[in-house]
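There are 2 protein chains.
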Amino acid sequence: MQRVLWTALASFALSLAAGPFIMKWLHKLKFGQTIYDLGPESHKKKQGTPTMGGIIFALPSLVTAAAFSVAEGRFDFLPMVLVCTLGFGLIGFVDDFIKVKLKRSLGLTPMQKMVPQIVLSIGLSFWAYFNKSIGSSLIVPFVNVEWDLGWFYIPVMTFILVGTVNSANLLDGLDGLCGGCSLIDFATFSVICGVLAGRSAEGAGNFINMAVFCAAVAGGIMGFLRYNGHPAQVFMGDVGAFYLGGALVGVAMVTRYALLLPIIALAMFLSSLSDIIQISYFKATHGKRIFKMAPLHHHFELSGMPETKVVTMYRLGTIAMCLLALTGII
Amino acid sequence: MQRVLWTALASFALSLAAGPFIMKWLHKLKFGQTIYDLGPESHKKKQGTPTMGGIIFALPSLVTAAAFSVAEGRFDFLPMVLVCTLGFGLIGFVDDFIKVKLKRSLGLTPMQKMVPQIVLSIGLSFWAYFNKSIGSSLIVPFVNVEWDLGWFYIPVMTFILVGTVNSANLLDGLDGLCGGCSLIDFATFSVICGVLAGRSAEGAGNFINMAVFCAAVAGGIMGFLRYNGHPAQVFMGDVGAFYLGGALVGVAMVTRYALLLPIIALAMFLSSLSDIIQISYFKATHGKRIFKMAPLHHHFELSGMPETKVVTMYRLGTIAMCLLALTGII
Numbered sequence: 000m001q002r003v004l005w006t007a008l009a010s011f012a013l014s015l016a017a018g019p020f021i022m023k024w025l026h027k028l029k030f031g032q033t034i035y036d037l038g039p040e041s042h043k044k045k046q047g048t049p050t051m052g053g054i055i056f057a058l059p060s061l062v063t064a065a066a067f068s069v070a071e072g073r074f075d076f077l078p079m080v081l082v083c084t085l086g087f088g089l090i091g092f093v094d095d096f097i098k099v100k101l102k103r104s105l106g107l108t109p110m111q112k113m114v115p116q117i118v119l120s121i122g123l124s125f126w127a128y129f130n131k132s133i134g135s136s137l138i139v140p141f142v143n144v145e146w147d148l149g150w151f152y153i154p155v156m157t158f159i160l161v162g163t164v165n166s167a168n169l170l171d172g173l174d175g176l177c178g179g180c181s182l183i184d185f186a187t188f189s190v191i192c193g194v195l196a197g198r199s200a201e202g203a204g205n206f207i208n209m210a211v212f213c214a215a216v217a218g219g220i221m222g223f224l225r226y227n228g229h230p231a232q233v234f235m236g237d238v239g240a241f242y243l244g245g246a247l248v249g250v251a252m253v254t255r256y257a258l259l260l261p262i263i264a265l266a267m268f269l270s271s272l273s274d275i276i277q278i279s280y281f282k283a284t285h286g287k288r289i290f291k292m293a294p295l296h297h298h299f300e301l302s303g304m305p306e307t308k309v310v311t312m313y314r315l316g317t318i319a320m321c322l323l324a325l326t327g328i329i
Numbered sequence: 000m001q002r003v004l005w006t007a008l009a010s011f012a013l014s015l016a017a018g019p020f021i022m023k024w025l026h027k028l029k030f031g032q033t034i035y036d037l038g039p040e041s042h043k044k045k046q047g048t049p050t051m052g053g054i055i056f057a058l059p060s061l062v063t064a065a066a067f068s069v070a071e072g073r074f075d076f077l078p079m080v081l082v083c084t085l086g087f088g089l090i091g092f093v094d095d096f097i098k099v100k101l102k103r104s105l106g107l108t109p110m111q112k113m114v115p116q117i118v119l120s121i122g123l124s125f126w127a128y129f130n131k132s133i134g135s136s137l138i139v140p141f142v143n144v145e146w147d148l149g150w151f152y153i154p155v156m157t158f159i160l161v162g163t164v165n166s167a168n169l170l171d172g173l174d175g176l177c178g179g180c181s182l183i184d185f186a187t188f189s190v191i192c193g194v195l196a197g198r199s200a201e202g203a204g205n206f207i208n209m210a211v212f213c214a215a216v217a218g219g220i221m222g223f224l225r226y227n228g229h230p231a232q233v234f235m236g237d238v239g240a241f242y243l244g245g246a247l248v249g250v251a252m253v254t255r256y257a258l259l260l261p262i263i264a265l266a267m268f269l270s271s272l273s274d275i276i277q278i279s280y281f282k283a284t285h286g287k288r289i290f291k292m293a294p295l296h297h298h299f300e301l302s303g304m305p306e307t308k309v310v311t312m313y314r315l316g317t318i319a320m321c322l323l324a325l326t327g328i329i
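Quick mapping for you: the protein sequence lines, in order, are chains A and B.
Heads up: the first sequence at position 38 corresponds to 37 in numbering that gives the first Met the number 0, and the numbers run straight through without jumps.
Heads up: the second sequence at position 271 corresponds to 270 in numbering that gives the first Met the number 0, and the numbers run straight through without jumps.
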């Protein structure tokens, strides 16, 4: 497992070194964040902080994942996960680019953003379905039963893919929040993949590559957090959040542990859920709200909790959920 | 290893639940921190924040470490580590108590603080020396050679014990700094002890107990960080820093991996080193300073880096060093 540790360290070193150059470049191109008009009042001061900082972890993690991956065994998982990660990352990139160039806070229209995501997700679901190392079943954690969904796998996995990626994007709203929680998520999946590699015989190489990939992303996030920690000098942007969401759900898909996502990525899950509850309740009651603001982290902020405290709470909760998830594996 | 994960989760839940009660009690007893007169100007506003919050992780970690430890194999390590942890914790407690009751910012005099530490350390060094599972040798990491120090083990280990505990105390100067770095340290030592347990036959129980103990402390710190994260509602105080330092060096001593401490606990090490360099240089030059202020984290602060950024940097650096240390074990 030395390979996995060195991957994380190399990716961390690269993103730490690349950070200042990428930030300078983003500043020059005026990729300053146009703060979402409906966010909390206190966030107005964040106007002008460069966005698209996700590039700081995206490039180093790709380079190190490629450099440290192994060719042994069947080489099934890595190409699929890379397409998933880069595909979603690209959609996020286009959205960021339009936001900045047109100075329009919301980027692509919801429709323009959703259609390519759904197309990509359906394609990935079919790819996984027909892959002999993956197929149509999910592993039910804790009881360790394989649950074969048959053709139903396609719509379910499409929903999980689109849902996770957009949840990651919703979580990205406070300094170091999405990055910090994702760091813990990828570290956990790296351990899970390492354990699975040790257990499987012919497919070990596949799982080693996933452990390496997760370590590469985790290391890249570490470097990014150096600059994104409060007070943030850069935001990850949609390119970053979509990249992380795509990478996370990609690994969950190929390892067949997608059902662990609501535990490991609970913070993302709650962001979506609170948004859905808020909007549904608002529509049903013609104007009443359950949360002071959705996603949930803004509710805590508006309830008087300092931004840094909310982030601390989310990170600690994520560690606890990841430990819980690991009890179902180790 | 499920036992280890559950220990951390139980300890986290306990400290999270105990936190508000302990803070209320500290408030009632007026255990507010009398901020060190020589600290940065900006820290004056922290006056009145209750100290001795280390109790929030100390009690839950003791309870869970005891509850989840195993009696199998030789029961050599845990009693020694508990004496080390509680012994140093008690010295810290007395120091805090005097600070608060006498409203004297520095607590015990340096002499009153040092003598019991040295006596305790010599006692522990002899205990380890005569313990058949420990003895007089240290493991040199990375090359994995046993280095037998003979009788020289006593002064060396005494120095390591006193040095580590006081370094932990020096690191405790910013919100979530000592707690955050220690959390990573204990998680790492828990993994190391888990790996050592898997490798050793008759002594496995000893190492399992150490993995459990480290997880208990790590979980306790997680709960504490909920309240100690910036802006801190409570400080750990000397009782907390001495407890953590004692626990950390205790585990390093019994596992014979004390030479990993400068890597895993680099943040603590740098705090001491910068203090020593600053004072020596000041004396040699009759009044010149190398750092704007020592320990090092205050230097970064006074150089214009926000407190939360310094803490982020230290935590990320600690993760990297711990990954590096693990390459020598796994």
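No lab work stands behind these hints, which were simulated from the structure alone.
Be a bit skeptical, because a hint or two may be false.
You can't tell identical chains apart in this list, so a pair holds if it fits in one copy or across any two.
As the list claims (entries may be wrong) - Taking lysine-lysine and the BS3-like style, the derived pairs with C-alpha atoms no more than 27 Å apart in a straight line are: (1) K29 - K45; (2) K23 - K131; (3) K308 - K282; (4) K27 - K282; (5) K131 - K282; (6) K308 - K43; (7) K45 - K308; (8) K308 - K44; (9) K27 - K287; (10) K308 - K29; (11) K131 - K44; (12) K112 - K100; (13) K43 - K131; (14) K45 - K282; (15) K100 - K291; (16) K291 - K27; (17) K131 - K291; (18) K282 - K23; (19) K100 - K282; (20) K131 - K29; (21) K308 - K23; (22) K27 - K308.
task = Tell me, in ascending order, the numbers of any earlier hints that this structure violates.
result = 2, 3, 4, 5, 9, 11, 13, 14, 15, 16, 17, 18, 19 and 20
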